[in-house]
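> Residue strings, one per chain:
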Amino acid sequence: MTQPLEILPSRAASIAEAGKAGGPLRCGKTSVAGSVSQRACVFCGSRVVLYPIADALHIVHGPIGCAAYTWDIRGAQSSGPQLFRNSFSTDLQELDVVYGGEKKLERALLELIAKHKPKAAFVYGTCIVGLIGDDVAAVCKRVSAATGLSVLPVASEGFKGTKKDGYKAACEALYKLIGTGDTTGISPFSINLMGDFNIAGESWVIREYFERMGIQVVATITGDGRVDAIRRCHGAKLNLVQCSGSMTHLAKKMESEHGIPFKRVSFFGIEDMSAALYEVAKFFGGEELMEKARAVVRDEVGKIYPQLRAWREDLKDKKAAVYVGGAFKAFSLVRALRTLGMRTVVVGTQTGDADDYATLREMCDPGTIIVDDSNPIELAKFCLEQDVDLFIGGVKERPIAYKLGIGFCDHNHERKECLAGFVGMVNFGREVHASVCSPVWNFVPRRARGRSVLAGDQTIASKLAPTPGNTEAA
Amino acid sequence: MSCSSCKSAVPNPHSAIQDGEHPEFPSGSTNPCKLCTPLGACLAFKGIAGTVPLLHGSQGCATYIRRYLISHFREPIDIASTNFSEDSAVFGGRKNLHTALDNVGRQYRPALIGIATTCLSETMGENMPMLIGEYRKECGERSAECGMTGATAGVVPFASGSETVRSPQTEFRNPELVHVSTPSFKGTHAEGFHAAVRSLVETLAGTQSSGTPSDSLFPETEDPEPEAAGNARLAVFPGMGSPADLRHLRDFCAAWGEEAITLVPDYAETLDGPSWADFERMPKGGTTVDELRALDRATAVLEFGHSLAAASVTAGTHLNKKFGVPLHRLGLPIGVRANDAFCAALETATGREMPARIAAERGRLIDSYVDAHKYLAGKKAVVYGEDDLAAGIAVFLAETGVTPVLVASGERNRRLADAIFAAAPELRDRIEVREGSDFGDIEKRIEELKPDLLIGSSKGYKLARSLGVPLVRCGFPVHDRLGAQRIQLLGYAGTQQLFDRIVNALLEAKQEHSDIGYAYL
Numbered sequence: 001m002t003q004p005l006e007i008l009p010s011r012a013a014s015i016a017e018a019g020k021a022g023g024p025l026r027c028g029k030t031s032v033a034g035s036v037s038q039r040a041c042v043f044c045g046s047r048v049v050l051y052p053i054a055d056a057l058h059i060v061h062g063p064i065g066c067a068a069y070t071w072d073i074r075g076a077q078s079s080g081p082q083l084f085r086n087s088f089s090t091d092l093q094e095l096d097v098v099y100g101g102e103k104k105l106e107r108a109l110l111e112l113i114a115k116h117k118p119k120a121a122f123v124y125g126t127c128i129v130g131l132i133g134d135d136v137a138a139v140c141k142r143v144s145a146a147t148g149l150s151v152l153p154v155a156s157e158g159f160k161g162t163k164k165d166g167y168k169a170a171c172e173a174l175y176k177l178i179g180t181g182d183t184t185g186i187s188p189f190s191i192n193l194m195g196d197f198n199i200a201g202e203s204w205v206i207r208e209y210f211e212r213m214g215i216q217v218v219a220t221i222t223g224d225g226r227v228d229a230i231r232r233c234h235g236a237k238l239n240l241v242q243c244s245g246s247m248t249h250l251a252k253k254m255e256s257e258h259g260i261p262f263k264r265v266s267f268f269g270i271e272d273m274s275a276a277l278y279e280v281a282k283f284f285g286g287e288e289l290m291e292k293a294r295a296v297v298r299d300e301v302g303k304i305y306p307q308l309r310a311w312r313e314d315l316k317d318k319k320a321a322v323y324v325g326g327a328f329k330a331f332s333l334v335r336a337l338r339t340l341g342m343r344t345v346v347v348g349t350q351t352g353d354a355d356d357y358a359t360l361r362e363m364c365d366p367g368t369i370i371v372d373d374s375n376p377i378e379l380a381k382f383c384l385e386q387d388v389d390l391f392i393g394g395v396k397e398r399p400i401a402y403k404l405g406i407g408f409c410d411h412n413h414e415r416k417e418c419l420a421g422f423v424g425m426v427n428f429g430r431e432v433h434a435s436v437c438s439p440v441w442n443f444v445p446r447r448a449r450g451r452s453v454l455a456g457d458q459t460i461a462s463k464l465a466p467t468p469g470n471t472e473a474a
Numbered sequence: 001m002s003c004s005s006c007k008s009a010v011p012n013p014h015s016a017i018q019d020g021e022h023p024e025f026p027s028g029s030t031n032p033c034k035l036c037t038p039l040g041a042c043l044a045f046k047g048i049a050g051t052v053p054l055l056h057g058s059q060g061c062a063t064y065i066r067r068y069l070i071s072h073f074r075e076p077i078d079i080a081s082t083n084f085s086e087d088s089a090v091f092g093g094r095k096n097l098h099t100a101l102d103n104v105g106r107q108y109r110p111a112l113i114g115i116a117t118t119c120l121s122e123t124m125g126e127n128m129p130m131l132i133g134e135y136r137k138e139c140g141e142r143s144a145e146c147g148m149t150g151a152t153a154g155v156v157p158f159a160s161g162s163e164t165v166r167s168p169q170t171e172f173r174n175p176e177l178v179h180v181s182t183p184s185f186k187g188t189h190a191e192g193f194h195a196a197v198r199s200l201v202e203t204l205a206g207t208q209s210s211g212t213p214s215d216s217l218f219p220e221t222e223d224p225e226p227e228a229a230g231n232a233r234l235a236v237f238p239g240m241g242s243p244a245d246l247r248h249l250r251d252f253c254a255a256w257g258e259e260a261i262t263l264v265p266d267y268a269e270t271l272d273g274p275s276w277a278d279f280e281r282m283p284k285g286g287t288t289v290d291e292l293r294a295l296d297r298a299t300a301v302l303e304f305g306h307s308l309a310a311a312s313v314t315a316g317t318h319l320n321k322k323f324g325v326p327l328h329r330l331g332l333p334i335g336v337r338a339n340d341a342f343c344a345a346l347e348t349a350t351g352r353e354m355p356a357r358i359a360a361e362r363g364r365l366i367d368s369y370v371d372a373h374k375y376l377a378g379k380k381a382v383v384y385g386e387d388d389l390a391a392g393i394a395v396f397l398a399e400t401g402v403t404p405v406l407v408a409s410g411e412r413n414r415r416l417a418d419a420i421f422a423a424a425p426e427l428r429d430r431i432e433v434r435e436g437s438d439f440g441d442i443e444k445r446i447e448e449l450k451p452d453l454l455i456g457s458s459k460g461y462k463l464a465r466s467l468g469v470p471l472v473r474c475g476f477p478v479h480d481r482l483g484a485q486r487i488q489l490l491g492y493a494g495t496q497q498l499f500d501r502i503v504n505a506l507l508e509a510k511q512e513h514s515d516i517g518y519a520y521l
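Sequences listed follow chains V and E, in order. In terms of the working numbering, the first sequence opens at residue 1 and continues consecutively. In terms of the working numbering, the second sequence opens at residue 1 and continues consecutively.
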């Protein structure tokens, strides 16, 4: 007998259905204790944002876990230095907790800076740093004075808020670099790419589109990031902000302090990628630039459309669940799935706000489940109830999908596939098609039910795949 | 960067670092060769039937650990968190703990919740036994209010009250609560693993069930073999083996006539299970709570780990001291000698001789040693990982002619070198043993040592790649290959698999690096 999958009463307000009346979704709160949230913490938010800055030293001040779990796990690529792919930590021990970790941090910084000669150093605070009374900012100041390097504390104590607060702490640290570099030679047609992390070379793909339009990309923040580029990025005329959650804080700061406007964009899917190019053309003005943008879109879409149309035949009306970190990615995925002929029937995020969820309610088909800060039991329940064919999420969601016989596409930072830009749309289509149309589902017990199992023995298949009706008898 | 080297002749490359006030705690780590203690505890708890691990601390700990474990086992691994906020860090985590226990109970209906602390709650000095005691008491009171007495007094929990729902669907038997202290600034994931096993045994062995299971409501938390659990059984504490290793250990003992043994933990199925026909909140399998209770009556206990064998208090010593269960402290059964010791312990425990099937496996292993000995002569290996694993592999390699020139672990318990030399005295003065090591530390030694291969987790890949030598993946984690759950090392047959992989890795390297490219070796 299978127990019904129950939603915790305290979680009910964070779940809605598109097309149904209801107040705003409960969101932006700390997770319910014991709910098994898929979210991480403040530290994670900071680490995710700053990690791809390739020529900086990233040192985690705390016990070993936080550093170990974030060692070289992401697909963020660098065209040069690989320093960021190491894991440096003060590895605090019991005596450090008793006597304080400042001296150890200072020693570690001095040694590591001497050895690796980074362009800057980021020092991430973890949960216990504040509790044991370490003054990380003071240590950073001292090391900075001794080495002449920017040594930047990141206030990322895990429990002091949510992942979003970690984004903010990272933006604050980054902001200390901005405005410290020389801006001579920057074109009047120039932008910064923010919130793209160069997963599988995505920043390079996007940069190339803009360069074809004659737009200079001053800094990619933080994908394939360089300290010197960030120092002078205030010379750009426009900030393009992808992954709205992580970098909007920095963009707003640059707008108020440096007068640089920003646009929220997404580089995922044909529609959003094209819109981003048009948006930039519109911002700088002139029919010539707009024509260049159209030319890029025309060329690129022309290259990929026949292939997408072929996959569309196979994927038509298949159903997808989407659970990702930020809402902008969710919007893009809903649209990209439509391009593939698929319907999104479950969509959720870890960090969306009320406006984001209102947008999702509007853009999704009636009946689509919309959820904030979900957990494995809820996600499984929604996937089963909506009978989805595909799940788009990260590593933590993958086994939920696979165990239930559902195809999967990894759209998180660990992935090694380029999914942004027009070329990314083909890769996305290929991955979705490969998973949804795989022959393996024919053998998965939940899927094999009621299906003829290829040419195999159906008696065996039905024995191996108990239905709710025959479980009790078995 | 580390570390305590056992071999004084080796120049200490870290003299600059060790000038600090706490020479045994150098200034930091580059590319760690260990994970934090709560991870090990979560892994151990995943081997107990119907158990949900709960971390008392920030949300990130649970999420990072889940992702790390999932990437290795490729199975759903749900770990709950008490989700500290700034308020809980200031005022204490009592409310969060109680809410979390309610919510985990409500969502999962577990048989047991394994509560592990984190650096945050440990630094705050959370009094876990008291907080858990209060929760138990409040659950009891709530049950009494609901008109339940006596045997059913353990039945309706949800102490935090605000969300108490008393429909039959939300009522269930109180889960067992087992707490383990796992500050991440003390020890490694391996030590967290052993601490959790010890807590499980200390908390449950010899106890009686407190309430009547409402088994008609929640059959999935039932003991699958209730009658068998009551009987005296052989207990095996295997350490951090793979699910396939655990299954093989069961078969190994079954060959001795020990059809049902109590493995603690037993994640053979929970972390390497089949595709699901229906959603499973907690995957099937695992040591049951009743089996844990019955450990006081175990016929004998076999506890694996060369290094663990020198620990002052373990799950095994507890059973031995408190209940007089005969204890065999053994190294991980890798190689002929360690497996012979395992078999000797089984002979003592069962009174039966080595079965023919096992003798055949032993014979085949030795035969393959002979077949391969010239391929391996003079080869040098760097071995890294948890101390018990590193020691086990080093002792085995010594049998084959491969010299484990560097054996490195993240632990700092000063047991590794002695553990190796006690089991393989021929290695004394021939190898370097480094505790508190990390990949930055190993990298510094490796250029001089010029190993022919690396043996350990996938985290050594970067080093192996830069050296141009093969990496034989085993242990935890293996994040870049399929089938980490099924890598076998234990038993004669498990050693056989490891041995074949080592020999073939060397043959392949030779073949790849040869200009001629012989297809016949």
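Since the hints were derived computationally from the structure, they do not count as laboratory data. Just so you know, these numbers come straight off a predicted model, no measurement behind them. One or more of the hints may lead you astray.
Straight-line distance between alpha carbons at most 30 Å, and here's what the computed BS3-like set of lysine-lysine pairs gives [unchecked claim]: (1) K115(V) / K374(E); (2) K444(E) / K119(V); (3) K237(V) / K29(V); (4) K95(E) / K117(V); (5) K444(E) / K117(V); (6) K115(V) / K510(E).
Label-pair ranges, simulated between beta-carbon atoms [stated by the list, open to error]: (7) E447(E) / D314(V): 41 to 47 Å; (8) R465(E) / D314(V): 35 to 41 Å; (9) A137(V) / R465(E): 55 to 61 Å; (10) P24(V) / E138(E): 44 to 50 Å; (11) N127(E) / D72(V): 53 to 59 Å; (12) P24(V) / R481(E): 42 to 48 Å; (13) R481(E) / G28(V): 45 to 51 Å; (14) A260(E) / G28(V): 38 to 44 Å; (15) D72(V) / R428(E): 54 to 60 Å.
All C-beta atoms, glycine included, are put in the ideal place defined by N, C-alpha and C.
> Evaluate each hint against the coordinates.
Now the hints, each set against the structure:
Straight-line distance between C-alpha atoms of K115(V) and K374(E) comes to about 41 Å, which puts the hinted pair past the 30 Å bound. Under the criterion of a C-alpha separation no larger than 30 Å, the hint pairing K444(E) with K119(V) is consistent with the structure, at around 24 Å. As the CA atoms of K237(V) and K29(V) are separated by approximately 35 Å, the hinted pair breaks the 30 Å bound. Between K95(E) and K117(V) the alpha-carbon distance is near 47 Å, which puts this suggested pair outside the 30 Å criterion.
Taking the CA atoms of K444(E) and K117(V), the gap is about 18 Å. The hint holds against a cut of 30 Å. For the proposed pair K115(V) and K510(E), the alpha carbon gap of about 35 Å is over 30 Å, so the pair is violated. Range check, E447(E) to D314(V): about 53 Å between beta-carbon atoms, so the 41 to 47 Å window is missed. The given range of 35 to 41 Å is respected by R465(E) and D314(V), whose C-beta atoms sit roughly 38 Å from each other.
Range check, A137(V) to R465(E): about 38 Å between beta-carbon atoms, so the 55 to 61 Å window is missed. Distance hint check for P24(V) and E138(E): the Cβ-Cβ separation is about 34 Å, which falls outside the suggested range of 44 to 50 Å. Taking the beta carbon of each, N127(E) and D72(V) are about 38 Å apart, not inside 53 to 59 Å as hinted. Checked against the hint of 42 to 48 Å, the pair P24(V) and R481(E) passes, with Cβ atoms roughly 46 Å apart.
For the pair R481(E) and G28(V), the beta carbons lie near 40 Å from each other, so the given range of 45 to 51 Å is not met. Restraint check, A260(E) to G28(V): a C-beta distance of roughly 51 Å breaks the suggested window 38 to 44 Å. Distance hint check: the CB atoms of D72(V) and R428(E) are about 36 Å apart, inconsistent with the given range 54 to 60 Å.
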